[in-house]
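Chemist: These are the residues of each chain, in order.
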Amino acid sequence: MKTEERLPRESLLWIFAAQFAALLPNFAFLPLWIVGAWGFAVYWRLEVFRGRRDLPGRTVKLLAVLLAVGGLLLSYRHWFALEPMVALLAVSFTLKNLELVNRRDAFLSLLLAYFVAATLFVFEQTIPYALYGCLCIVIITSALAAQLGSYSASPRRALGLSLRLLAQAVPLMVLLFIVMPRLGPLWAVPQNSSGSTTGISDSMSPGDFTELSKSDKPALRISFDGPVPPPEQRYWRGLVYSVFDGRRWSLGVEDEGGQRQWHRSQRPLPEVGPRYRYRVIQEATNSRWLFAMARPHSTTDGVVETFDDRLIRRAPVYGRFAYEVRSWPRETLNDVVPLSAVERRRNLQLPRDGNPRTRTWIRELRGRGLDAEKISAELLDFYHRQFTYTLKPPALGGDSVDEFLFNSQQGFCEHFASSYVFAMRAAGIPARVVAGYQGGEWVEQEKYLLVREYDAHAWAEIWTPARGWQRVDPTAAVSPERIRDGLQSAAADEFMEDSLLPLHRISILNRLRLQWDMINYRWYQTVISFDSDQQQSLLKSLLGDITPLRIAVLLAIPAAIALLGILAWLWFSGRGARAPVTSRLYRKFCRRLARAGIERLPGEAPRDFARRVRAERPQLAPMVDHITAAFEKAAYSGDPMAEKQLRRLLRRFWPMRTAGKS
Amino acid sequence: MPFSIPGSNSIASRWRELTERWLSRRAPASHNVTLDHSKLFILPTRAGLAFLLIIALLWLLGTNYENNLVFALTFLLVSLFAVLPVHTFANLSGVQLQLLHAGSAFAGDYAEAQLRVGRRGGRARERLRVCWPPEEGALFDLVEQNEATVRIAMPVVRRGRVRAPRLRVESRFPMGLFRCWSRVDLDVEFLVYPQPKSAGPLPVGATAGEGNSEHRQRGGDDFAGLALYRPGDSLRHVAWKQYAGGRDLYSKHYDSSTDMRLWLDWDLLAGRDVETRLSNLCHWALQAEREQCAYGLRLPGSTIEPALGPSHQQRVLTALALFPVQGSL
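The listed protein sequences derive, respectively, from chains A and B. For the first sequence, position 328 matches number 328 in the numbering used here, and the numbering has no gaps at all. For the second sequence, position 175 matches number 1175 in the numbering used here, and the numbering has no gaps at all.
If we strip away everything but chain A, and leave its shape as in the complex, we get:
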């Protein structure tokens, strides 16, 4: 092996630092044995470095490979996923560490580290992760720079060098980021399916939404193109529960399939224009449903509209996802969709028995000959008069609707929605529970609506022959503030009571949190969700029109600037270093003499020159002698005093004037 190929001493630690940085966020989900093996391999290699141990022999290496393969086979069942891929990379790091001998191994290890750092972004795209990713890149690049050893391998210099190189690369990166076309996925890739479902789930039983009200995590960020709906219209529909088993509301069997989505031809878009146009950025839910106001339509790829006026996505939302929506509020439409027999049966379904008191009461109301609207009004009035809205409702037993309506009479949105829909169905009116979010906090600076988990809400929809499906929110009858001003003002005393510190009461923290959310929103809008549409519009706004010529110009101008910069840099740093002060002073002396008519010949030694001056201009002789002596002393003995003296002498040396006077 050539000596140059052997790893310089500094580089080992750099490699381990780079591997550690790239793997650190993955330690959370990697099997423990991989983490342990990696640590052990590093320890072994360091022991080799200290000379206490030898590199493992062939048998040990073979054994390690077999163990690793076996371990991976045992740890992972599904191979077509991201985690096993990262695990495989981590294992290859580990095994490579056992034979980290020459520079080629080091390069390989570091290039792999770049890849591992990139997989980090597939898991998380938040700002902290992005910053951490930058840190990783800097460390890996420094490690690469330190591989060559010698002067630049010391930690500070390698770090400085890599920062300088990366800083120079950033402008081009930004340009490429903007202009490089984005192709869609070339093939289906495994998605990150770790992490449990958060937020609203596919079923609702009493207490679920109370849990949600304890979380202030952002759920949606919505920006509007045009009018912003008033607070009482901000119902973000996500799920429709139509099956009730006496306690739990759920979606029903066939719902999760695609068969309930509309075909464009079945239900053409309304002829009138949409009232609201907006863009929703949804946090990861690991489920397929999206959130929009009724009746929605989306042009975003992979988003389809369902039978019951919702949007769902073909693939679950594993990361933040943005979609464009146009909404036609139902009251603006006058086409009443008839209810099919299947739909009618679905939305009238009730358990065979249970909740007898409610059923009796409703029968009584129907006996008075009231129609759907009247019964609904009666119910809402009942809520309004007797019920309280609370985040801490008492627990309910088997006949939950009965207990709620006639005993406890305290509840949260899901209690009201559930009991209302039950009662309406009992009255023979098609009804369903809708879950989603209601309201949201308007962020004025960035012009978007921030919807948090605690804005989760459940309400009802009933169907009447005259108006079709219409929204009824029983909670609004009890607590209009909830709809108008949000949960925080509706249940001020109870709001976020369980959190460790009542941070939401400190206004400055609230402001800071909002600021942070705004930054996040910006980040997401500009970077994460930058897709080919945004690319087109940005290019259009930059260039006016997208033609190959203009794109070429856009690329050529920065390229030309960069090229000129590089040339200038090469020119200036390649030019001779500034001459020392002493020689500059001596040159000044020569220039003055030249003006007086005595030119120094090229290559003439100072002393020879002085002799010549003495011969040609005797009257200058004393000064010239002094100056030459001072120069020689300053230049060759490095005497700072002599330099000062030379300066002083030159100040009085004006051969032109002397020559003129004589």
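Think of the hints as simulated: they come from the structure by calculation, not from any bench. Keep in mind that the hints are not guaranteed to be accurate.
[Stated by the list, open to error] FRET-style restraints, in silico, Cβ to Cβ:
#1 B/Leu1043 with A/Asn102: 45 to 53 angstroms
#2 A/Val101 with B/Leu1018: 32 to 40 angstroms
#3 B/Leu1308 with A/Arg591: 53 to 61 angstroms
#4 A/Thr59 with B/Leu1043: 36 to 44 angstroms
#5 A/Leu131 with B/Glu1135: 43 to 51 angstroms
#6 B/Gln1314 with A/Asp608: 31 to 39 angstroms
#7 B/Glu1135 with A/Glu47: 33 to 41 angstroms
#8 B/Gln1314 with A/Arg584: 41 to 49 angstroms
#9 B/Thr1276 with A/Leu63: 53 to 61 angstroms
#10 A/Asp533 with B/Arg1025: 52 to 60 angstroms
#11 A/Phe572 with B/Leu1043: 23 to 31 angstroms
#12 B/Gly1108 with A/Asp608: 49 to 57 angstroms
#13 A/Leu135 with B/Arg1016: 44 to 52 angstroms
[As the list claims (entries may be wrong)] Only part of the chain B face toward chain A is listed, based on derived beta-carbon distances under 8 angstroms:
#14 Leu1058
#15 Phe1075
#16 Ala1082
#17 Val1083
#18 Met1175
#19 Gly1176
[Unchecked claim] Derived SDA-like pairs: lysine to any residue, alpha-carbon spacing no greater than 25 angstroms straight-line:
#20 A/Lys96 with B/Ile1054
#21 A/Lys447 with A/Arg513
#22 B/Lys1241 with B/Ala1227
#23 A/Lys374 with A/Val337
#24 A/Lys96 with A/Ala17
#25 A/Lys633 with B/Gln1145
#26 B/Lys1039 with A/Phe572
#27 B/Lys1039 with B/Arg1123
#28 A/Lys61 with A/Leu7
#29 A/Lys447 with A/Arg484
#30 A/Lys588 with B/Gly1121
#31 B/Lys1039 with A/Trp569
#32 A/Lys447 with A/Glu283
#33 B/Lys1039 with A/Trp571
#34 A/Lys96 with A/Pro155
#35 A/Lys540 with B/Arg1120
#36 B/Lys1252 with B/Glu1289
#37 A/Lys633 with A/Trp569
#38 A/Lys96 with B/Leu1052
#39 A/Lys96 with B/Ala1056
#40 B/Lys1039 with B/Arg1166
Glycine included, C-beta positions come from ideal geometry on N, C-alpha and C.
Please build the complex by placing chain B on the supplied structure of chain A, with the hints as guidance.
Modeler: Frame of chain A, contents of chain B only:
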């Protein structure tokens, strides 16, 4: 000439010939060369190609996951890859090479040249390598000092005046992903002596003296007697046995009865081919010099009178080195 390349019409050698000719026009031989854009070449190394492969993989990852952060990283690495050659190039551009001294060597050994490598401007130059491939050559930095003196060696096989091939000056700074190099002809010429090959003991007295060689010569093989030791006598000839026996310090004196002077004669080695003869003569010359025994050289067409000392040795070895290459004599 002995180096007729086998299959010299093959493509590889044609190519080599063409590039050499092109280089000799582009960068003619000179003792003093400053590297600039006209002499520098730059290409990615194998690590650089692997880096491109990683970029391609990252692009696939970013495309398939529609992940802009992965894209950003991909483009950052692409940009880094675009920035690096500038640094690698700047690291070599403006480096000045000057031949200080080209030494001499024996065939089969390494010939060493001394170069002065300086820089134009104050920019630090790191990890410069100067070598005659496939030798490793010298690896050095110009960071704090403005110039360095480096010694590089190449193996020499043939005796005579050997023109060194073009030097390779290269650098992979800063990240090893690009290699910038130049092929510099510093007009280095080595004087290569024949490879010393033993031909038995020194041929003392083997040659009949020519002309007036009747006088006895000191420093032969035959013991001539003892004389009192005088400062300056060789310690090797001190009669230690007698001294140990309690007597004064004596020197043993030798002389040669047949021929007094040592002649390294071409004709002594008749029957061997030219190069072997020269090698043998070379070996003798070295041996004689080591034993401090004055020697002369007789070659067809030239004679060097017996003497001792470095300059004499130099003359003798040079004569051997430059002995014309001939088919037969």
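Chemist: All hints are to be evaluated individually against the structure, with a verdict given for each.
Modeler: Results of checking the hints against the structure:
1. The hinted window of 45 to 53 angstroms between B/Leu1043 and A/Asn102 is violated, with their beta carbons roughly 21 angstroms apart.
2. The given range of 32 to 40 angstroms is respected by A/Val101 and B/Leu1018, whose C-beta atoms sit roughly 39 angstroms from each other.
3. In this structure the hint that B/Leu1308 and A/Arg591 lie 53 to 61 angstroms apart at CB holds, the actual value being about 59 angstroms.
4. For the pair A/Thr59 and B/Leu1043, the supplied restraint of 36 to 44 angstroms holds, since their beta-carbon distance comes to about 40 angstroms.
5. Checked against the given bound of 43 to 51 angstroms, the beta carbons of A/Leu131 and B/Glu1135, roughly 47 angstroms apart, stay inside it.
6. Judged by the Cβ atoms, the range 31 to 39 angstroms given for B/Gln1314 and A/Asp608 holds: they are separated by roughly 38 angstroms.
7. Between B/Glu1135 and A/Glu47 the beta carbon distance is about 35 angstroms. The supplied range of 33 to 41 angstroms therefore holds.
8. Remark: the range hint 41 to 49 angstroms for B/Gln1314 to A/Arg584 is upheld by a beta-carbon distance near 47 angstroms.
9. Remark: the range hint 53 to 61 angstroms for B/Thr1276 to A/Leu63 is upheld by a beta-carbon distance near 57 angstroms.
10. For the pair A/Asp533 and B/Arg1025, the beta carbons lie near 55 angstroms from each other, so the given range of 52 to 60 angstroms is met.
11. Checking the proposed 23 to 31 angstroms range against A/Phe572 and B/Leu1043 shows it holds: the Cβ atoms sit about 27 angstroms from each other.
12. As the Cβ distance of B/Gly1108 to A/Asp608 is approximately 51 angstroms, the hint placing it in 49 to 57 angstroms holds.
13. One distance hint, 44 to 52 angstroms for the beta-carbon pair A/Leu135 and B/Arg1016, holds here, with the actual separation near 48 angstroms.
14. The interface hint given for B/Leu1058 is met, as the beta carbon of that residue sits about 5 angstroms from the closest beta carbon of chain A, less than 8 angstroms.
15. Checking B/Phe1075 against chain A by beta carbon gives a least distance of about 4 angstroms; that is within 8 angstroms, so the hint holds.
16. Hint status for B/Ala1082: holds, given a least beta-carbon distance of 6 angstroms to chain A, under 8 angstroms.
17. Hint status for B/Val1083 relative to chain A: holds, with the closest Cβ pair at about 5 angstroms, below 8 angstroms.
18. Contact between B/Met1175 and chain A, as hinted, is supported at the beta carbon level, the nearest pair being about 5 angstroms apart and thus within 8 angstroms.
19. Taken as an interface hint, B/Gly1176 checks out: its beta carbon lies about 5 angstroms from the nearest beta carbon of chain A, inside 8 angstroms.
20. The suggested pairing of A/Lys96 with B/Ile1054 holds, with an alpha-carbon distance near 17 angstroms, which does not exceed 25 angstroms.
21. Distance hint between A/Lys447 and A/Arg513 is fulfilled; the C-alpha atoms sit about 16 angstroms from each other, no more than 25 angstroms.
22. Between B/Lys1241 and B/Ala1227, the direct Cα distance comes to roughly 14 angstroms. Compliance with the 25 angstroms bound is thereby established for this hinted pair.
23. Proposed proximity of A/Lys374 and A/Val337 is supported: the alpha carbons are some 22 angstroms apart, at most 25 angstroms.
24. For the proposed pair A/Lys96 and A/Ala17, the alpha carbon gap of about 15 angstroms is at most 25 angstroms, so the pair holds.
25. For the given pair, A/Lys633 sits about 23 angstroms from B/Gln1145 by alpha-carbon distance, which is consistent with the 25 angstroms threshold.
26. Between B/Lys1039 and A/Phe572 the alpha-carbon distance is near 20 angstroms, which keeps this suggested pair within the 25 angstroms criterion.
27. Distance check on the hinted pair: B/Lys1039 and B/Arg1123 sit about 19 angstroms apart at the alpha-carbon level, within 25 angstroms; holds.
28. Straight-line distance between C-alpha atoms of A/Lys61 and A/Leu7 comes to about 20 angstroms, which keeps the hinted pair within the 25 angstroms bound.
29. Only pairs whose Cα atoms come within 25 angstroms are accepted, and A/Lys447 paired with A/Arg484 is accepted, the gap being roughly 19 angstroms.
30. Under the criterion of a C-alpha separation no larger than 25 angstroms, the hint pairing A/Lys588 with B/Gly1121 is consistent with the structure, at around 22 angstroms.
31. A hinted pair counts as satisfied when its Cα atoms are at most 25 angstroms apart, and B/Lys1039 with A/Trp569 qualifies at roughly 20 angstroms.
32. This hinted pair checks out: A/Lys447 and A/Glu283 have alpha carbons roughly 18 angstroms apart, not beyond 25 angstroms.
33. Of the supplied pair hints, the one linking B/Lys1039 and A/Trp571 holds, its CA atoms being roughly 17 angstroms apart against a limit of 25 angstroms.
34. Only pairs whose Cα atoms come within 25 angstroms are accepted, and A/Lys96 paired with A/Pro155 is accepted, the gap being roughly 23 angstroms.
35. Between the alpha carbons of A/Lys540 and B/Arg1120 the distance comes to roughly 47 angstroms, so the proposed pair goes past 25 angstroms and is violated.
36. In summary, the hint linking B/Lys1252 to B/Glu1289 is supported, as the alpha carbons are separated by about 21 angstroms, within the 25 angstroms threshold.
37. Between A/Lys633 and A/Trp569 the CA atoms are separated by roughly 36 angstroms; this puts the pair beyond 25 angstroms, and the hint is violated.
38. Our distance criterion of 25 angstroms between C-alpha atoms is met by A/Lys96 and B/Leu1052, whose separation comes to about 21 angstroms.
39. A threshold of 25 angstroms between alpha carbons decides the hint, and for A/Lys96 with B/Ala1056 the separation of about 22 angstroms falls inside it, so the pair holds.
40. Taken as a hint, the B/Lys1039 and B/Arg1166 pair is honoured in the structure, with Cα atoms around 12 angstroms apart against an allowance of 25 angstroms.
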